[in-house]
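Turn these sequences into a full structure, and let the hints steer you where they fit.
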Amino acid sequence: MTNSKLEQSRPKSRKGKINWARSQEADYFANTVKLYRQGKYDEDSFRRFRLQHGAYGTRLTSDYAMVRIKLPAGEVYPHQLEKLSELSEQFSIGSAHFSTRENIQLHWVILEDVSEIFRGLAEVGLTTREACGNSIRNVMCSPLSGVCPDEEFDSTPYALATARFFLRNPLAQNLPRKFKFNFTCCEKHGMVRMVDVGLIPQTRNQDGSTQKGFKIFLGGGLGNRSFVGHQLEEFTPEEDLLYTSMAVVRIFDRLGDRKNLARNRMRYLVNDMGWEKFQNLVLKERAIVRATQSVVTRLNVDHTPIEIKRPIRITNESVNSAPEGFARWLKGNSFKQKQSGYNSVFVTLEAGDITSNQLKVLSQIIQDFSYEGLGRCGFNQNISLRYVHDDDLSPLYSRLLEAGLAKSGALTMSAPIGCSGTTSCNLALTNSHRLSKEIQRKFLELKLDEDDDLHNSSIKISGCPNSCGQHGIATIGFFGGGARVDKDMYPNYMMQLGGRSDGDTMLGISSLRVPAKRVIPVILKIIELFKQNKKQSDDLKSWIHRVVSGIDDSEIKSIEDLKKILLPLTTPPSKTEDPDFYSDYGSDTSYHTKTGKGECAA
Amino acid sequence: MCRLSQENVVKTTTDIETLRSEIRDKSVRVIDVRREEDYKKNHIPSAVNLPLAKLLADDSPDRVLTLIKSMGIDDETPVVVYDDTFGALASRIAWTLEYLGHSDVSLLETTFSTWKSMGLENDNVIPEFQIKEHTKKLRPEILATSDYLESVKDKENVILVDNRERLNFLEQHIPGAISLPYRTLSTQNKILRSKEDMKRLLNNRGILGDSEIITYCGSVGTLSGLAYYALKSVGVPNAKLYVRSFKEWKNLSKPTAKQEDANYWDLSAE
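Just so you know, the sequences run in chain order A and B. So the first sequence is residues 3 to 604, counted in my numbering. So the second sequence is residues 436 to 705, counted in my numbering.
FYI, nobody ran anything at the bench for these hints, they're computed from the structure. Misleading hints may appear alongside valid ones.
Pairs of lysine-lysine residues, derived as DSSO-like cross-links and limited to a Cα-Cα distance of at most 30 Å, are as follows [unchecked claim]: (1) A:Lys36 / B:Lys572; (2) A:Lys190 / A:Lys311; (3) B:Lys693 / A:Lys596; (4) B:Lys588 / A:Lys42; (5) B:Lys572 / B:Lys590.
Below you can see the structure in the form of structure tokens.
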């Protein structure tokens, strides 16, 4: 009796062409852990090794790791989701987590089990290699690349080729610090000015023919200090993409600060050197790279068009009328593709969390509804299905509803980003993760996801001043800290307003400190004030932009005016008056700050 | 360090084809541990029903002995147990038989659902048996009581294994225990990993060798019963089941430990 009899007679799902895995890395990792436990590996070398292989430390313990699985260009195939479901159930907490950078993370994994996860991942061609540590991290691509009406061409094949070129490449095994590439579709979607290398596809007319290329931004990034990236040149032709990438990585490798951990991302190098000097250096280095390749080095870009075909479904839904909530869900979760009749649908998650069982169901749903047969990681700790036919939207909604995955508002302000915070991170000061979930629940309860005025605004929360939660580019952003009244501590957030990552990228302006348990009332108050003072054509984003720029002519002219109104909401009550104020979300004991060592820099 | 002697490797599971042929030869007693109403609808041919709840109502040795006899099992009858809950309930029954001194008991390698989905034979005939005689030779060496556990758990060659889910473990566990959630032990179609995979998994975790290994779970020794058989499947010579598990431990107000300073529950998507 073989297992093949057990499989349902369902057509084979689509599989990716690139195998990112190396199965021998599992054994190597297992053996190294043993040596480390036997004291034959010192802490620092082991940490470097562990991070290089994608296993991050866990809050205040050395027994557990977080395993970060890279999904290059955000692509994830049905059989991979099924494997991730199995692994999260076996070795993690029965849930997995979609990150902001198109990784899937498994938390609270016992260090000795990490190699078993590698083994499972290798079966489906996935890797965690260089997902952490001082290496080239997952290469991102906009989930709308290939379907966005505003794009010049699909940058997905270039993102995949770049990821493939640099993975395990000796050039990038020991950089001064982590290094990130983001490809996007257009100015509006994705972040190109807030990353080491950001790329927007461009075309130009050259001697009567269309030439492909990129607009490349360098030296941006979010962090304890954030910087906006600079455009290298007017147009970088596609032939120069790899040489430019190599040149930038080489300069960073050579000149980046290897001593000062707090400021060794490339953006500091660019800032210290000055943009023009850095720009010249890149252009010179590129000429050298181009001239000195001993063999022809080029990106292996696969331009085979993806096959778009109607999935064969075993289950036959004959839905007569759309289920309740369909219109609301459709509005906040779907995007009309440039291909007529097709939609990209975003699945709303709570701060990126998804259960093992939902992952399994999602694998099936993608096979049944996506004409391209794969999932793409979304913008906000979520996942999308593309090429969903107009006629399939209502049955898809029904299926998501059954799986508890049909919450509204994935593409709206009601889906805040929250980093993992004190749920697992060594550096966290507050439970930003839970706060994000609480805000989402409140927004959906108040149906704010349906409010057009809030549609393109965002809320992003980090549990400490580092920017994993991307608070600096949020319309309303928060980063965590502790505050005290006499001896009693309470969780507190700095609120930043007016951040954005589009063509007019700017960082949010610090406004005032808001205690954790007052964050929701403060957000709602801001929305109320906006409604009272907005102009006809305003949305929250444009109004806040005027306020932080100090150019609004209503009652609230500047951030100072806004602060004056909000300040009373943030006054701490006494501990006897309101003991809950002094505990963080998800905890019933008094708040205190406790952190371990950060590992990004290790 | 972690070598296994050949004679320690005993039969813990029975594969599907072997069971089918034993049923044809009428050389096996099959026990279905699902609820009575499920059993009555359909079951593996010739299987007798012993719902776990019925056993747990009173699992004193004399009462269990009466049950075994009434199912026509004597000292020599080979017994195969199955369930529909990834082998955990079946394990608890099998372990009870072992504890009573029945030496030839094993688990069906898969669940009843998988058996059915493979299109294998099943019916709703309720078999009748003659009462058989069965001796009582208790095997205290496979049982851990709370007193026993407390007396040995800090010894260097004793490993205490918690088979509940990871979040439950983080929240509260017996001090010194290591976490090996029951789901880690199985594959999609088999209640236990292959020997090779199981050995590697346990070896990585340092759960092999000559140590005394005690398993426990939430309340009645089902998940940890499966772990007991997982250990047995790779020849661990000295495995014990703390059959009253964490529920009793807490009721007795014995010490517990937790993972401090982290809000791990908020990572769960449940």
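Now for the hints, and whether the structure bears them out:
Distance hint between lysine 36 (chain A) and lysine 572 (chain B) is unfulfilled; the C-alpha atoms sit about 42 Å from each other, more than 30 Å. Our distance criterion of 30 Å between C-alpha atoms is met by lysine 190 (chain A) and lysine 311 (chain A), whose separation comes to about 29 Å. For the hint pairing lysine 693 (chain B) with lysine 596 (chain A), the CA-to-CA distance comes to about 17 Å; that is within 30 Å, so the pair holds. A distance of roughly 28 Å separates the Cα atoms of lysine 588 (chain B) and lysine 42 (chain A); the hinted pair therefore holds under the 30 Å criterion.
Distance restraint check for lysine 572 (chain B) and lysine 590 (chain B): the Cα-Cα separation of roughly 28 Å lies within the 30 Å cut-off, and the hinted pair is therefore satisfied.
Checked against the numbered hints given earlier, this structure breaks only hint 1.
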